[in-house]
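Asker: In case you want the letters, here they are:
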Amino acid sequence: MDADLQVGLDMAQRGSRKLFQQALVIAAAMTAAIICGLSYLADLSCREKSASGDQIDLLKENLADHWSVFGALSAAQVSFNRINDGSVEIRVRSDNLSWLTVSSGVSYRVGLLSPGWYEFTGEFRADANAHAGTGAQLEVHSDRWRTVFSAAQPHGGSWQTTNVYFRPSYADPGAEISCRFWGRTGGQAGRALLRNMYILKIAGEPPPKAPRFDLAKQEEARLGKLGHPRNGSLPPSPQTGLGRFSGAAVTVFFLAMIVGMSWWLLA
Amino acid sequence: MHGWRPPYSTHPPAAKLLVALSVSLFGNYPWGWRAANALMGTALVPITYLLARRLFRSKLAASIAAALLLCEGMFLVASRLAMINIVYITLGAWAYLMLWCFVQNPAPRTQRIQLLAMSLLLGLYVSTKAAISEVAVLLCLIVIAVNVVGPVPLRPFPRLAHLITAKLIGACGLVVGIVLLVYLAVFMTYSWVVWRGIGDLVAYHQRVFNYNSGLPFSFPNASPFWSWPFLLHPYAYWKRDLLNGAVEVIWCGGNPLLWWAVLPAILIAMVRGYTQKSMAWMFLAAGYLAYLAMWIPLRRYLFIYSYMPALYFGLVTLAGALEECWNGAARRWEHFVLLAPLLPCLILGLGVVWGGFAACSISIVYLLLRRRAEDWEGKFVCLIFLSATLLVFAYFLPLWMGIPLSEAGYTARMWLHGRGLASWVGYGAAR
Numbered sequence: 001m002d003a004d005l006q007v008g009l010d011m012a013q014r015g016s017r018k019l020f021q022q023a024l025v026i027a028a029a030m031t032a033a034i035i036c037g038l039s040y041l042a043d044l045s046c047r048e049k050s051a052s053g054d055q056i057d058l059l060k061e062n063l064a065d066h067w068s069v070f071g072a073l074s075a076a077q078v079s080f081n082r083i084n085d086g087s088v089e090i091r092v093r094s095d096n097l098s099w100l101t102v103s104s105g106v107s108y109r110v111g112l113l114s115p116g117w118y119e120f121t122g123e124f125r126a127d128a129n130a131h132a133g134t135g136a137q138l139e140v141h142s143d144r145w146r147t148v149f150s151a152a153q154p155h156g157g158s159w160q161t162t163n164v165y166f167r168p169s170y171a172d173p174g175a176e177i178s179c180r181f182w183g184r185t186g187g188q189a190g191r192a193l194l195r196n197m198y199i200l201k202i203a204g205e206p207p208p209k210a211p212r213f214d215l216a217k218q219e220e221a222r223l224g225k226l227g228h229p230r231n232g233s234l235p236p237s238p239q240t241g242l243g244r245f246s247g248a249a250v251t252v253f254f255l256a257m258i259v260g261m262s263w264w265l266l267a
Numbered sequence: 001m002h003g004w005r006p007p008y009s010t011h012p013p014a015a016k017l018l019v020a021l022s023v024s025l026f027g028n029y030p031w032g033w034r035a036a037n038a039l040m041g042t043a044l045v046p047i048t049y050l051l052a053r054r055l056f057r058s059k060l061a062a063s064i065a066a067a068l069l070l071c072e073g074m075f076l077v078a079s080r081l082a083m084i085n086i087v088y089i090t091l092g093a094w095a096y097l098m099l100w101c102f103v104q105n106p107a108p109r110t111q112r113i114q115l116l117a118m119s120l121l122l123g124l125y126v127s128t129k130a131a132i133s134e135v136a137v138l139l140c141l142i143v144i145a146v147n148v149v150g151p152v153p154l155r156p157f158p159r160l161a162h163l164i165t166a167k168l169i170g171a172c173g174l175v176v177g178i179v180l181l182v183y184l185a186v187f188m189t190y191s192w193v194v195w196r197g198i199g200d201l202v203a204y205h206q207r208v209f210n211y212n213s214g215l216p217f218s219f220p221n222a223s224p225f226w227s228w229p230f231l232l233h234p235y236a237y238w239k240r241d242l243l244n245g246a247v248e249v250i251w252c253g254g255n256p257l258l259w260w261a262v263l264p265a266i267l268i269a270m271v272r273g274y275t276q277k278s279m280a281w282m283f284l285a286a287g288y289l290a291y292l293a294m295w296i297p298l299r300r301y302l303f304i305y306s307y308m309p310a311l312y313f314g315l316v317t318l319a320g321a322l323e324e325c326w327n328g329a330a331r332r333w334e335h336f337v338l339l340a341p342l343l344p345c346l347i348l349g350l351g352v353v354w355g356g357f358a359a360c361s362i363s364i365v366y367l368l369l370r371r372r373a374e375d376w377e378g379k380f381v382c383l384i385f386l387s388a389t390l391l392v393f394a395y396f397l398p399l400w401m402g403i404p405l406s407e408a409g410y411t412a413r414m415w416l417h418g419r420g421l422a423s424w425v426g427y428g429a430a431r
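Sequences listed follow chains A and B, in order. First residue of the first sequence: 1, per our numbering; consecutive thereafter. First residue of the second sequence: 1, per our numbering; consecutive thereafter.
Hint data in this document are derived by calculation from the structure and do not stem from the laboratory. Take the hints with a grain of salt, since some may be wrong.
Here are the simulated DSSO-like cross-link-like pairs (lysine-lysine), alpha carbons at most 27 Å apart as the crow flies [as the list claims (entries may be wrong)]: (1) A/Lys217 to B/Lys167; (2) A/Lys60 to A/Lys201; (3) A/Lys18 to B/Lys167; (4) B/Lys59 to B/Lys277; (5) B/Lys277 to B/Lys167; (6) A/Lys201 to A/Lys217; (7) A/Lys18 to B/Lys59; (8) B/Lys59 to B/Lys379; (9) B/Lys277 to B/Lys379.
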């Protein structure tokens, strides 16, 4: 009777252990599925951005969802306000001292543009105060290239229209529009206005006299043409007396002999 | 693939070739860049299951190992980026699996095939990551040597000693020969366009050596190797502070509970390896320590992700220790050291009051079980640890996936934010 009871208990214990193991395997599979699902959702926004139409409006409704801060600024120190004429006012206030030493501002990152030419257009106005040392400038970045379109102007200066064409590189097909501020601590440290700011994909080449930055061409000049042998940074060594492949062949033969002898020794 | 002249890199090119293959198969888009590494990271889970099953001869330990790996953020991040880390970790784990197939295989005929497979994987590992991979080769050679020589006293049997010597030389020769062949093949494939002779390989290694010798000791976000097990200085690979107050970040840090529990697990492995003369426990402890000790002579800056190979050993060890708890084979001090890392997690995550309350509750339940249901105290330790691991994983998941967090949510997760080494915030986004 006792033996039967013991067998029964053992079986029950084994059964519960098996159940636990199966539950663990299911939990692991579910965790993997959840991670995959969340990865997919997290990547979805980027995919939408890359697949979005030919025109990107940098000042569309939910500005705070697209513009980010960099440097010593925090989101709480920057405010975006829409003004009746359709422009957007950026006000920056900063109380921390690192603001004076760290390059800071706001930026809009456009990721993963498809190959081809793009036009950046926009209107920019910034307050500058030489006495207080405040000011701002608009910058467009893509790959290693950076261009400054409008330097700071005295308060009440006129709008400056900026227009430039660029072709992103293949290696880093993105662009970033930044408004960089410099200024003083305490109270309002900087102010800039943006209007009609777009990145447009254009068909064909840009107009002949327009300012243009061909980053794909620069990349080709640096690395060689796409689809053809390109210049890398791996240093070519002086050719050995054994010729291009003879040295490698001798090495392979020598190693193959070691492997063969080892194989035979193991047998 | 387009006949480009290859760019110089201090690490061998196998993982880069894999990403290039992925791009050629799936297209030059983020999905294409990352698909190969995602597959490698996914493959690591079943490989870990099989490895832990071999090491501990337990499906439960294998399941726990796979689950712990899934809950470790640094492996998750590495599987989502086109970086080389997850590639060599997976290749290494696969090589260890083949090593243990070899060790536990009673049929000498098929042993050679397993050794061959292990050597090919080690060759790819060496072709992916410099320095770290050599530790794996050395570790495998030591295990093979111990396995071949065995515990038999050789002096009275000179013929047997001769046979064993031949087998040892054969095994080591096979491993080293194939590793070098694979390395040469990968390197030649990569630099085919500019290949001028075997001197290229020598010139490349000279350049790598000179480059590494000239690197400074400190660098933003770098941390000394001894700080890695304590998770003192993780940092953000990428961070964006949106104006709506949300913070998006890809965090190069792990699950703190798992990281802090790895040290006690290694202590358990060392004690068990010594007292039980268990090769599996010794292998895990030796692997972990070797991957840490290799950084001692280096005087250049290092980043926390270099801890991943040691961490992998730590996670498998932890799974074995938890399985021992579940089966009632663990001693009380083992329960204690495995539960100890929960305390800093509770205090830092929930605050002193609620964290202290939770720690007291866990202690009381444990003590009650110890008095009234002794069989359940180990199971309790295992269940509490696994549940806490899952909760901590869920809590930190947004940091690994780039899911937007509120500023307060982000700050709350930065458990260490001192000005010195003990800081999880890392170098700012200044440029």
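Asker: Next step is simple, just say for each hint if it's right about the structure.
Answerer: Hints, verified against the model:
The hinted pair formed by A/Lys217 and B/Lys167 fails the criterion: a straight-line CA distance of about 59 Å is larger than 27 Å. At roughly 17 Å between alpha-carbon atoms, A/Lys60 and A/Lys201 fall within 27 Å of each other, so this suggested pair holds. Taken as a hint, the A/Lys18 and B/Lys167 pair is broken in the structure, with Cα atoms around 41 Å apart against an allowance of 27 Å. A hinted pair counts as satisfied when its Cα atoms are at most 27 Å apart, and B/Lys59 with B/Lys277 qualifies at roughly 22 Å.
A distance of roughly 24 Å separates the Cα atoms of B/Lys277 and B/Lys167; the hinted pair therefore holds under the 27 Å criterion. With a CA separation close to 17 Å, the supplied pair A/Lys201 and A/Lys217 stays within the 27 Å bound. The hinted pair formed by A/Lys18 and B/Lys59 meets the criterion: a straight-line CA distance of about 9 Å does not exceed 27 Å. Straight-line distance between C-alpha atoms of B/Lys59 and B/Lys379 comes to about 16 Å, which keeps the hinted pair within the 27 Å bound.
A hinted pair counts as satisfied when its Cα atoms are at most 27 Å apart, and B/Lys277 with B/Lys379 qualifies at roughly 25 Å.
The structure shown violates the earlier hints numbered 1, 3.
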